[in-house]
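Novice: The chain contents come next:
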Amino acid sequence: MVLACILGVFLLQGSLPAQNPQEQGPARERIRENVYTLRLIRMTQALDLTEEQTSRIYPALGRIEKEKADVQRRIAAGLRDLRDLLGSSQARDEDLMSKVRALQGLRKDLMKLDEEFERILEENLTVVQKAKYVIFSVDFYKGLGENLKKARLMRNKRNS
Amino acid sequence: MACRKYERWISDEIDGRLSDKKRAALRGHLEKCEGCRSYKENLKLLQAEAGKSRDAAVPAGFMDALGRRLEEGLRSGPVAGSEKATPLAWRWKWAWAGAAVFVLAAGAILLLGPKTPPDLWPASYEDSLARIYGEIGEDADLAESFDQVLQASIGETLLQAENPTFWDGLGEDEIRLMEPDVTNGREI
Chain A
12 MVLACILGVF
22 LLQGSLPAQN
32 PQEQGPARER
42 IRENVYTLRL
52 IRMTQALDLT
62 EEQTSRIYPA
72 LGRIEKEKAD
82 VQRRIAAGLR
92 DLRDLLGSSQ
102 ARDEDLMSKV
112 RALQGLRKDL
122 MKLDEEFERI
132 LEENLTVVQK
142 AKYVIFSVDF
152 YKGLGENLKK
162 ARLMRNKRNS
Chain B
-13 MACRKYERWI
-3 SDEIDGRLSD
7 KKRAALRGHL
17 EKCEGCRSYK
27 ENLKLLQAEA
37 GKSRDAAVPA
47 GFMDALGRRL
57 EEGLRSGPVA
67 GSEKATPLAW
77 RWKWAWAGAA
87 VFVLAAGAIL
97 LLGPKTPPDL
107 WPASYEDSLA
117 RIYGEIGEDA
127 DLAESFDQVL
137 QASIGETLLQ
147 AENPTFWDGL
157 GEDEIRLMEP
167 DVTNGREI
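Those sequence lines, one after another, are chains A and B. Its first residue numbered 12, the first sequence is counted upward by one per residue in the numbering used here. Its first residue numbered -13, the second sequence is counted upward by one per residue in the numbering used here.
Bear in mind the hints are in silico, worked out from the structure with no lab data behind them. Treat the numbers as computed from the prediction; the structure is a model and nothing was measured. Here a beta-carbon is modelled for each residue, glycine too, at the ideal position from N, C-alpha and C. Certain hints may be false.
[Unchecked claim] Covered by chain B, according to a simulated footprint, are these stretches of chain A (three or more residues, beta-carbon under 8 Å):
{"#": "1", "segment": "43 to 49"}
{"#": "2", "segment": "52 to 62"}
{"#": "3", "segment": "158 to 171"}
From just these sequences and the hints, can you work out the full model?
Specialist: Listed below in structure tokens is the structure:
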């Protein structure tokens, strides 16, 4: 089952949008992909997902992740435009407001996709798995913070 | 007792608020009662004097002096036995009590209210990622290091999944030997 999960994860990674340095930092994009992969593998283990569950959950989560990555790129582009607009001396209120509204809309889209992710899990998990998912999420988010601490130590060691 | 009633009626008549029926009864009483006739005359005189004083000018400095006296009176606190001092004091007490309740309520909400510390329960996966991105900022070195740590974590998790006892079977030296490969995300 876990092997199927691993295979699924790498297939999904291949289906994610290619990095585009012009639109967003490639490092950030790669981080996003790796966080997603790690999350999926750890979630599969922590929740002990069956093959039947993974066959329903993975494709939906893959699609959502793809859409989220796309929204994130548009947010990054929108922020860049907004910065440029603020920097220019001829920025009109209407232009600024339209950029702000567009960004607010994209942020909402992102939140909706997050909610859809949770809803798919909600529909496909058992009660015990749902309970485990809550604990898993907290641990995973904490783990990301710890990974960042490790990364800081690595960087400091490299730079010293 | 009867005269007291007529005295009230006399006052009402001077103010023009007495009914015809009562006025007739009052006239009958005044014809018989010298005390009430005298009372009516005095009251009329008093009213005439009051009317004159309405137009009298207030002496210069009177308002200032009155203001000072009022301030002094307020500063010296309520007069003992004064019936009006108590409500004022109570008003202050209620104001302080209200302020105290407000401060306590605000404190209770802050201390005991629902807490969602970001470290413990981030709102969502995206918020969690956004926080990580925020901490990395423009630091390319940190981004690269973080990515390496992530890849190592993925590799480690996959290895454990394939062979849960794989790492348990390794010695310290072997682990140290493999560490750079895992850290760099290379296949072992």
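Novice: Tell me the hint numbers this structure goes against, listed in increasing order.
Specialist: Violated hints: none at all, because every hint is consistent with the structure.
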